[in-house]
Every structure is written in structure tokens, then in C-alpha cells.
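Full structure from sequences and hints, please.
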Amino acid sequence: MIAGISIYEILTVTSILFFIGVYGFITRTNLISILMSVELILNASIINFVVINKYLYPDVFQGVFFSIFIIAVAAAETALAVAIIINLYRQISSVEVKDTEIMKY
Amino acid sequence: MNLSSFLIMRHEILLLAIALLLLVAEIFISKNKKGSIVHLAIFLFGIHTVIGFLPLGETSILFGGMFQTNNLIHFFKNVLNIGVFILLLQSADWIQEKIVEQEKGTEFFVLLFFSLLGMYFMISSGDFLMFYLGLELSTLPAAALAAYETSKRISSEAGIKLILSAALASGVSLFGISLLYATSGSIYFNEIIEVISLNNLTILGFILFFTGLSFKISLVPFHFWTADVYEGAPINVSSYLSVISKGAATFILMILLFTVFKSLMPVWENIVYVVALATMFIGNLFALRQQNMKRFLAFSSIAQAGFILLGLIAGDQLGTATVVYFVMIYIFSNLAAFGVVQAISLKTGKETMDDYNGLYRTNPNLSLIMMLALFSLAGIPPIAGFFGKIFLFTAAASKGYYLLVFLAVVNVTISLYYYLLVIRAMFIRQNENPIPYFKNKLYMRLGLLITVIGILVLGLYSPLYDYIYELSSVFN
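Quick mapping for you: the protein sequence lines, in order, are chains A and B.
If you're matching positions, the first sequence starts at 1 in the numbering used here and goes up one per residue.
If you're matching positions, the second sequence starts at 106 in the numbering used here and goes up one per residue.
Read the hints as simulated data drawn from the structure, not as lab findings.
Among these hints, one or two may not hold up.
As the list claims (entries may be wrong) - Simulated crosslink set (DMTMM-like; lysine to aspartate or glutamate; CA at most 25 Å straight-line):
| no. | chain 1 | residue 1 | chain 2 | residue 2 |
| --- | --- | --- | --- | --- |
| 1 | B | K546 | B | E202 |
| 2 | A | K54 | B | E299 |
| 3 | B | K504 | B | D421 |
| 4 | B | K455 | A | E101 |
| 5 | B | K257 | A | E96 |
| 6 | B | K136 | B | E202 |
| 7 | A | K104 | B | E456 |
| 8 | B | K209 | B | E131 |
| 9 | B | K136 | B | E206 |
| 10 | B | K257 | A | D99 |
| 11 | B | K544 | B | E202 |
| 12 | A | K104 | B | D459 |
| 13 | B | K136 | B | E212 |
| 14 | B | K367 | B | D421 |
| 15 | A | K104 | B | D460 |
| 16 | B | K455 | B | E206 |
| 17 | B | K209 | B | D198 |
| 18 | B | K257 | A | E101 |
| 19 | B | K546 | B | D460 |
| 20 | A | K54 | B | E296 |
Structure follows, in C-alpha cells:
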């Protein structure tokens, strides 16, 4: 619990973070930036879990455990995505989205 | 925790053991015999498939509710096993000819098995944490597999498209789960069922969660990755994504809709109704203009997912049985179609529809298998696909969705047109230089044979449907 801050403010922040992530995913033109946007979405969920656990259901630590698992899985996901991006970069020397559209429609 | 509770999750333990064993075997197999890992993997997985058919005791829950299983889940795991076994048979030649020389043979099997392991955990999950971990464990190796041909540009492109879409999907899904956690105070399914009620936050959470799973099943409007990934990935990986991955995701979506979100049915009925219509129409209309066979099958699989939703909308025992039955038929039919595409692509490298002109004159067997698979997908009696579709339509009609069923039948007609385009190319069209005659190796022939037997037997052997219907009584 943080004194003077209710759950509504924090949930507002995480919702904004979530939609920044979605907006970034749609509009960014660089694969690394898209990956960063996905991380924003995941972080919004992590904060959500911890805050809901702490403010609403402080007896059982389900949300906190869930958030730890999300962090671990997100790291694996990022590692794999970066590996694929590096492999792509070796072939086309670019990480721009416009260079990765030889398959379309 | 005792021995019998380990026996309940024998699918998972055995598969994990096989994957680890293959990793160890890789060290001990000498360098000029790397191809033998294929035989070993197929042999071990065959044993695993057979052991899976041993009957399960009774419905049970492990790990304080995180892992649950019952006879229907057990049966579906066996269906997935058969699908993966056929897939292994079909991809054996490809691995021996193309992949082993790059010294990546073992990793293919290990990634595939871990992905399947994730699906096991996903479909028998008892809480959202297990579900999420299973989902990720099934998706991440699949993305690595899609980018497996590291020397090809389109393979990397497919991989990056898959991993980014999947990451977004799981992120959105997680945000939904966090909202569901806020309203119900638990992540365990059986605790959520008791407290879930219709309010705005729950509905928002549900919709975000549904979005995440829709990506996996490639429902419209979350289907954009499908065609690109299927085209760029190696064919057996496309086949895996379209068959096994989609089947498992459909199954867990069905379980969640029928149990956890049962009280939200007034909401998700409308969502499923709209999504089913959009998926069928967009999948079918885009399939009309495809020339590449892999893209063609991708859009066809999107359209099939739309048909599956007709069974979901019924929301009772009949719906469950028809969905499981249809997914089973779909697994066999699509594996047959992808198997033929793979056999031809491996020998000649040709993948477009025009290359198939005059195929019947040179390769009658492959053409007949392809015809059977496409007729099954289109739903022409007396092949299995017809019964699968008619049961789905019956399930939807039993709840009074006559308009939806009518539009679905319209879609079947559209789909028949483009399936017949391929058949016309193979049987009627002439070609100056058709694909020359070739003979497949033993594994590929075996893989295609099993799919053909599956398509024919599933359509004609009705006790199987009764058996599934009996198992489905757990969800109503």
C-alpha cells in the first residue's frame, strides 16, 4: 500500500501504459521498437497483478507469483525475438518493418 | 503425491523424458550417423502414442488444482499425439535431406516436443498461471521452428512475424487475466466459476482474454499473421501450426467458455456469432485469390476455424462433442493436404497451384490423396469432413441459430469452389512439363497412408462419435 494513492490511480496508469504499448505496436516501424512496445504491455499486466494483489486481496499472494512468472517468460520471449531479429539482420542488414514484407496479401 | 498421481500425468512425464533423452542421444551418436536420430525420435514417439491410449483412472486434480484432467482431456491429448506422429512421419525425409547436414536434426524434435508439452499443460491447466505457462511453452518453440531454416530469408520473416504477434497476443491476454483476477480474487478456475458474474470489468477482461486466444486460433480480425507465417515457415511447421496448435487452442477455448465463462454466455454468444461470420467470410474470400498452395491452405484453415466456432456457440454437450469430432477430422484432412504439398515441394521445390497442373497423369496416388483431403475439408459426403460439418451445423441449429447456419452453408459453397480449383488443376488441366513421377520414401508413404485411413474411417465408423459424445458429458 502506498499512502495517499488509491488503486484507481495506479490502474489508470497501467491502463495508459497498456494502450501506449498497443499504439506503439501498431505504429512503430522498427522491429526492436515493436518488441519494446510488447514489453510495455507485459509490464502493465505485471503492475496490475501486483497492485490488485496488494490492494484487494492481500491474504494470498497469487498475483505476486503470477507477476514473477510473467517476468521470466517475458525474458525468454524477448531473447527468442532478438535472436530471430539478429538472424534476419544478417540477411537483409536492416531491422525496419518495411524491409520484411516480401510476403504480403 | 504418490505413484498413481504420476500416472495421471504420464503424457507430460513421458514426453519430457523423450525430449531429454534425445538431447543426450545427440551427444553419443557419431557424426556420420546423425540421420539415425530421426528413426530414434519416431520410434520413441510411437511408443509414447501407444502408451497414451492406456485408460485413465478417473477425473483427477493435481498440484492443488493447477493441473486437472479427465477422460475427454485425456482423449484429446491422444488425438494430438496421433497428429504429431503423422507429422513426424511426414517430415522425416525433409529432416534427413535438408536439416541433418546443417547439424540441426535433434533440435527440431526437441523444440517440437517441448511445444507439444506446452499444449498438454495448456489443455489440462486448472488455473490461469498454468494456462499462461502452457501457452507460452507451446508458442515460443513454435516460433523458433518457424524460423528454423536460418539461411532462408522468408523463414526468418515468418519467425519474427509469429513471435511478435504471439507476444502481443499473450500480453493482451494477460491484461485480461489481471482484470479477471481483480473481479474474482483468484486465478483458479474452480474458484472463479463460483464468484464470476456479469459486470463491466469482467466483460472487458473476458474480451481481452478472448482476443489473446483468437490470435492462436487465427480468428478474424486477428488472422493477419497466419498466411505470412504459413508461407514462410518450413511446410511441416506450417502444418503443425495449422493443425496441432490450432486444435489445442480451440479445445482449451472451448473448456474455458463452457466452464469458467459459463455465466458470461449472453456476452460471448454474441462475440462468437460475429467472429464466426467474419472468420468464415474473410477466410473463404481471401482463399479464392491465392496461388501459393501454402497460403491457400492457410486461408482455408482460417475458414475452418470459423466453422468450428459454430460448435462453440451451442455451449452444451452436443457442442463439445461436435467440436472435438470436427477437430479430429480436420487434423487428419489438413495433415493429408499438407503432406502432399510437402512431398511435392521436397522433390521439386514447386509450391504454386499452376505447378499442380496435370499432376494426375504423372502422380495419380498423390493426386487422389490430395483430392480426398480437399473433399474432406470441403465437406463432400461420404468422406469424414461432411459428417464433421453437419454435426457442427446441427449443434448450432439446436440452439436456434438458423441464420448463422444458413450463412455457414453459403460459405461451404464458396469454399467448394476454391477446393475444386486445385482439383481441376490436378485432374483436368494440361501441362507442357508436369511434375515428373517420383516415389516417396517409406516414412512419407506411411504418414500419408495413416491420414487416408483416418479420413475414411472417421467418416464411416460411427461408434467413435458416440464415444466422444459420452466423454463430453463432463462439460454441461
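Taking the hints in turn, this is what the structure says about them:
no., hint, result
1, K546/B with E202/B, "holds, 12 Å"
2, K54/A with E299/B, "holds, 22 Å"
3, K504/B with D421/B, "holds, 10 Å"
4, K455/B with E101/A, "holds, 21 Å"
5, K257/B with E96/A, "holds, 18 Å"
6, K136/B with E202/B, "holds, 15 Å"
7, K104/A with E456/B, "holds, 16 Å"
8, K209/B with E131/B, "holds, 10 Å"
9, K136/B with E206/B, "holds, 10 Å"
10, K257/B with D99/A, "holds, 15 Å"
11, K544/B with E202/B, "holds, 15 Å"
12, K104/A with D459/B, "holds, 19 Å"
13, K136/B with E212/B, "holds, 15 Å"
14, K367/B with D421/B, "holds, 10 Å"
15, K104/A with D460/B, "holds, 21 Å"
16, K455/B with E206/B, "holds, 22 Å"
17, K209/B with D198/B, "holds, 14 Å"
18, K257/B with E101/A, "holds, 14 Å"
19, K546/B with D460/B, "holds, 22 Å"
20, K54/A with E296/B, "holds, 19 Å"
The structure meets every hint from the earlier list without exception.
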